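Undergrad: One-letter residues, chain by chain:
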Amino acid sequence: MPWLSILIAVPVLGSVGVALLPKGADKLAKQLTLAVSLIVLGLTIAMAVQFSPGSTDRFQFAETYRWIPSFGVHFGVGVDGIALVLIALSAVLVPIVVLASWHDADAPTAKRSVKAYFSLLLLLEAMMVGVFAATDVFLFYVFFEAMLIPMYFMIGSYGGAQRSYAAVKFLLYSLFGGLLMLVAVIALYVIADKGTFMFPELIGAITDPATQKWLFLGFFIAFAIKAPLWPFHTWLPDAAAQAPAGAAVLLVGVLDKVGTYGMLRFCLELFPDASKFFTPLVLVLSVVGIVYGAIVAIGQTDMKRLIAYTSISHFGFIAMGVFAMTANAASGATLYMVNHGFSTGALFLIAGFLIYRRGSHHIQDYGGVQKVAPVLAGTFLVAGLSGLALPGLSTFVSEFMVLIGTYERYVVPAIIATSGVVLAAIYILWMYQRVANGPTAEKVQGMRDLDSREKWVIVPLLALIVALGFFPKPILDVINPAVDKTLANVSVTEFKPAVPAVAEPKGAGE
Amino acid sequence: MNDIAAPTIEYGQLAPMLLVFGAAVLGVLVEAFAPRYLRRSIHIPLTLAALVGSFALVLVQVFVSGVPTSPAAMGAVAVDGPTLFLWGVIAALAFVSVLLINDEDNFVAQAAAVPGSADEEDAEIAGFSQTEVYPLVLFAVGGMLLFTASNDLLIMFVALEVMSLPLYLLCGLARRRRLLSQEAAVKYFLLGAFSSAFFLFGMAMVYGFAGSVGLSDINAALPNVGGQEPLLVLGTALLGVGLLFKIGAAPFQAWKPDVYQGAPTPITALMASGTLVAAFGALLRVFWVALGNFDWDWRPVMWGVAILTMVAGAILAITQTDIKRMLAYSSIAHAGFLLTGVIATGAAEQNRDALSGILFYLLVYGITTVGAFAIVTMVRDAGGEAGHLSRWAGLGKRSPMLAGVFAFFLLAFAGIPLTSGFFGKYAVFSAAVAGGVLPLVLVGVVSSAIAAFFYVRVIVLMFFSDPAADGPTVVGPSVGTASVVAVAAAATVVLGVFPEPMLDLADKAASALFVR
Amino acid sequence: MTTHYLVLSVLLFTIGAVGVLIRRNAIVAFMCVELMLNACNLAFVTFARQHGNLDGQIIAFFVMVVAAAEVVVGLAIIVTIFRTRRSASIDDANLLKY
Amino acid sequence: METAEIIQGAGGAIGASWLMIALPLLGAAILLLGGRRTNGWGHLLGVAMSLGAFVVAVLSFVQMLGLDDSRRRQAVELFDFIPGMVKMGLLIDPLSISFALLITGVGSLIHIYSIGYMSHDPDRRRFFAYLNLFVAAMLLLVLADNYVGLYIGWEGVGLASYLLIGFWQHKPSAATAAKKAFIVNRVGDFGLAIGIFTIWTTFGSVAYGPVFEVAGEADQGVLTAIGLLLLLGACGKSAQLPLQSWLLDAMEGPTPVSALIHAATMVTAGVYLVVRSGAIFEAASTAQFVVTIVGVATLLAGAIIGCAKDDIKKALAGSTMSQIGYMMLAAGLGPVGYAFAIAHLITHGFFKANMFLGAGSVMHAMNDEVDMRKYGGLFSVMKVTAITFGIGYLAIIGFPLLSGYFTKDGIIESAMHVNPVLGWLAVAGAGITGFYMSRVMFMTFFGKRRWAPDAHPHESPAVMTIPLVILSIGSVFLGAYLILGNRLMLFLAPAVGRPADLPGFHPFSAPGLTTLALVAVGAAIAWAKYGRAEVPQVAPRGSFLTTFARRDLYGDALNESLFMRPGQWLTRIAVFFDNRAVDGLVNGLAAGIGGTSGRMRRLQNGFVRSYALSILFGAAMVVGALLYVGTL
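Residue numbers (the UniProt record's numbering), protein chains in the order written: chain A, 1 to 510; chain B, 1 to 516; chain C, 1 to 98; chain D, 1 to 632.
Keep in mind that the hints were calculated from the coordinates and are not lab data. Computed from a predicted model, the values in this text were never measured in an experiment. Certain hints may be false.
[As the list claims (entries may be wrong)] The list that follows gives simulated cross-link-like pairs (lysine-lysine, PhoX-like), each with its CA atoms no further than 20 Å apart:
1. A/Lys371 with A/Lys455
2. A/Lys443 with A/Lys276
3. A/Lys473 with A/Lys485
4. A/Lys371 with D/Lys171
5. D/Lys171 with A/Lys443
6. D/Lys448 with D/Lys374
7. A/Lys23 with B/Lys397
8. D/Lys529 with D/Lys448
9. D/Lys374 with D/Lys529
Use the sequences and the hints to build the structure in full.
TA: The structure is reproduced here in structure tokens:
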């Protein structure tokens, strides 16, 4: 059964269907979108249960069709653990976002087409699945670039006051990176001279160190802009702040992961030597991003911008984990991508609820929400705590693994990065205090608490965060083999403890 | 010299071209003898039939009688793979352009009448229309066909003029904003004549160098370069000037924006698609066939031209306020992208890839361009087409369908994946990288990033900004225009998702390169 | 000795080109273009003589024909614009710019 | 050090010891998710869960007593947390069980007490949810068999403390105090985390058993580093210098919280960490020494602060700092000290909780007045509170034969053995304790009544006084029970090892007597100043030393000027830099291109002749270029 093709096809068809609905059938459009996204989720789960982590072949559910033989391009899809969890992430987030942005499109301001919004949403989902599933570098690139367009329209025509500025900035910035990557992609094909873009066959095809370095840069810059890594990050706060909450969730939760995913999948495996050569640089960028993003986040006065900057800090952690090139760090980074999707997603959505009620995204316009809307404030706190990687919440596991894994090989960066936990406490708790604590601001008086729809949006996310916080094993078991294969292709040596401790002492108890 | 052997002409091979010329002549006769009220109704089927016929004849040659392997008409005309491909492309583009031309009130009622004068009013009331347009178009198209096929500089010069002269006139025949139209005509004419003089002088120099104007002879003469190299250099340079002028490469691009803006939009469409295709065909012949062994000398120069063209086109387009001017600059930038392919010469293998890339690019760019201009004709306000970009604000809200299609075309120009434009760009750039002109490709992508800005800017205007109070009206398109848009959109989508068949065709067309 | 003719033709060509640049009157400018074409003709026949083949001379005829056609078209255009603007100065026609 | 082997696969109550964590956690979950529906019976559920945990603890304890020393360390496997790194499990051994007993025991009492104390609060249900959450986290902290588990509990209690300090979050002061506590703790956690990383990279494991077995073989420097990093964590959690500043602000929380978290249990987690990691510290003498220094410094600092505070809770908080300082000191002394550290920890848990609850009862009576200068002469109106508080007071100043006497004396004695200087400083600390605790006692219950006019003090309800009584009983006898015959030391030996020679108990040693003398003097001065003499309603300006103490030894001022202000500047600079420099570069580039375009398009001036010129010019360029290339 061609699972992945179906996973891509269903949302596309859904999106067309929604687009073809008659004018004014907004409610129907929303319901249809929700239904389609749920079907996709179901299919994803069905696929995931058939996934066998232990299996020897690199990509499962693999399909390969000749697409453009003249260019050696195949429609090649398939997933390993890493891709699978990211696809699952998208599949989980989309229905939630649909539900969350139920009223985003039909805002009173201007007459915007509701169905267009949801149609774009489904189109985006198809591309998100495709970009993670692609096993053909060219196909990956196609999705990588094409994804921009729906998101561009979602920000541009449904966003906030400066939406068009933000949208254009987002599109051009990403496009610029993408075009550099295009050159690298072409060069990869030409130099590798394998006559194909299939990823597995390109591994190890580039041997000349100098070439590797140039191609690496071509790919890396694109991914660094996408992720975004310091100093290529300034588009994110604008885009995330202007985008409607739902779009922001997908933007930061999934689209940006394509960058870090690309680093892990393509930069490392296609250009192992170059990756090692550039590791110091990348680590510096990541660490700077971690601390810098956190500090700037502390200084923000706009809730969504603040969250965006926290994400910049988090992407620093992910990139650091990827390039530390130890099993723990890489697995942690992959898990981080998933968890960050959930936790930041929750934060953005709740911020969206607050803004929708209060009509302002300035933090100082709030205060004492906890008194009038305890549930809302409670969920906000939990989401926030997941943002500061509180143990017992999923983000802790990934952050801990990234840090400890990095520490195995690069002590100083890991230590500096760890200071991020203190800063995280400051920006999250300070925001929470200003929003939810203290005397209730008069504008906040009578703010209504979460209604059932909003609870349905938030509860699944928080449930996932808590569950994965106590029992991450299922996901890690999926990720680890894939990560090991990846690192095997990079051929890095695992670290050895100085004084290896003996295993647990044996003995029969009572 | 008393016995002159009668030349042998392979009429079969030249049929597509001859058909167009024949139809053109017929058109003139129609103008001469048919009563005014009948002319249009005769011209339209005649013209369309001629173009369809020539397209069909091309297909016949490709699939039935097979691609010739030697030049025709005593080596004056080369009907080879690339020629046939480009003939097909030109015929198709001309066909859709004619569909646009059919649309009423694009053309002046009576060119001779002074704008705003009484007799202009009379002409309009009488419902005249300048039906000479059709034969003129056919002559121009015939010229294009010959231009791409000419295997001999003399023929090329003639073809150049046959192609250009009707276009000069057509530029001046806009129904509205006639001052602009006439100005465009005079500018295009003077500069065109000027540049063709350069071409001719270059031709003379080359003749002086090689003793012949046959492309293959020139190529043959290259190895034994004697003391007359200055002639060759001068000739190459001036030929280049003439051709680069036609494709609108910097620094010879100055005419393009003015002419594109002033000319009647359907004619702009024809020029932006057909002329560009034809000019590139000729350019390739001159520089690959005639000067093939001289490439070590002309490539570096072409580098400079290409870079200048791409950057100038992209940067200048950013601040344009008129949609047609903006598209003109975008076509300059695209000419630059195509030049990277022209430069990417090397072994036969490499040349083939580059050639097929260029052929494919020309096809997809031409179709999308015609579609874009077709939409431009549909957005009108009191004074005719709403050229100024500010008038396009909020179009996406008023007529989403139209704006959506236009946005799609713009994305294709910008080379976003899943549009035909992307594969065109990819085909050329990949050939260029393989040909070892990576830096040029880098410049190319950077300038296409810049170029993306102004395409995106139009989308922002149409979709993200609120409509102006007295916004332009979108006229219900005539069948012709509608079908043009539909065809262009379809082609852009299909070639953007399944380019393979067309790529194959281009590969086959390029497989044998040019006959000598 | 053919070089003299060449020098002359280059001279004529240059004069024509410069004329196009400096003369405002459309007709005159256009005549300068014609001058350039004729300079080419001179070059052609010269080379024909030099190479001892007739191609050059044939080409010259072709060029004359083309030039004639060009005149027809050109004058038509210039006359129209003159009637519209009551001036044959090509500098007056600069509505299209920037 | 010699510890017993860890035995896998425990059964019986010990096998079910995970219930200790699960029950309160479940309680918290129900109360939080249940929402208002559970308002009616929420507090009862909370108490029940806490008691349930206590029962499990007691059963496990009994089961353990039934085993011989070599089998008293039982491991309970739970689940694979991070495959290849962390197997989550519990380690039930004498050390952890004694903590479990303290936590669940005192915890339950405080739960019961809170029923009365919070009876008027609309959010009582939430309060109990948080208390349950705290108990669960604290138990995980002490029961986990690996450092990651400990870390999770460690931050868990941090969260609970954050929530409880900020329980009355509508008060900005409370919210700020809560945030401060959490952040300062995070600074400590930063150290703890890196310590754990180093442990992982050094030993390839984070589980106690394996790590401690080979701890000695690791490199000195590394071990010292680990020790100091763990110590940093301990300082954060236990409010030791230099991370003490949060504890006094933490008194913003409801008093039961202060009693449970900021006196009896959570703040002692640092001591637990040091004792638990004994194997590492003993292999790194430097780190160990630093521990003792921190301990002594803090015990003096806390004592000095305690002398100057008029807010009863803050005075008690100061004394808490000081007492934990004693424990730290002991914990830094190695096996000799461990038992005393734990013993003092337990007794302190009792008498300090006792006094805090007493204070709470007083505040309850004086409608939440905390300024001792507004108290006085309360003995007559609330006898039970006064007596129980008095017992606690006597215990803490080390009145002979009461709990504090034995445990503190033990610490001082063993400090003397290791390092006399430390010992004498500890003695001095004891003296000061005598003064400031007496001050609290006298100002509150004796002397003239300085009540606010609307104050009608009355004895608190039984639900509040009964816990006081129980705690005070503990405060009387527990010390003697634990110390005499080295009972606790021998009990703990399997877990923390036993010193070469067991210290005997000799009450008439020089230090012991000196201590008593100093305490007496201190108490006398206090009586003179606050018992007999008139206590001014408003605090006199006082000497430099007094202000020094009142301002928490300028701890906050230091943080303010060292971290907060620079931090704020740094933030402003960073934001500015991001907007102007980083983003400015991007936008600047775009603007630059636009500008170029605007200027370049002027070249297109509409004059056909200049176009022609450009063509000619271009032609010239091309010719020139070609000629030039030809010459190459």
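Undergrad: Hint by hint, say whether it matches the structure.
TA: Results of checking the hints against the structure:
1. A/Lys371 with A/Lys455: Holds, because 18 Å separates the two Cα atoms, which is no more than 20 Å.
2. A/Lys443 with A/Lys276: Violated, at roughly 54 Å.
3. A/Lys473 with A/Lys485: Within the cut-off at roughly 19 Å; holds.
4. A/Lys371 with D/Lys171: holds (11 Å)
5. D/Lys171 with A/Lys443: holds (19 Å)
6. D/Lys448 with D/Lys374: holds (10 Å)
7. A/Lys23 with B/Lys397: holds (13 Å)
8. D/Lys529 with D/Lys448: Since the Cα atoms of D/Lys529 and D/Lys448 sit roughly 13 Å apart, the hinted pair holds (cutoff 20 Å).
9. D/Lys374 with D/Lys529: holds (16 Å)
Of the numbered hints given earlier, the model fails hint 2 alone.
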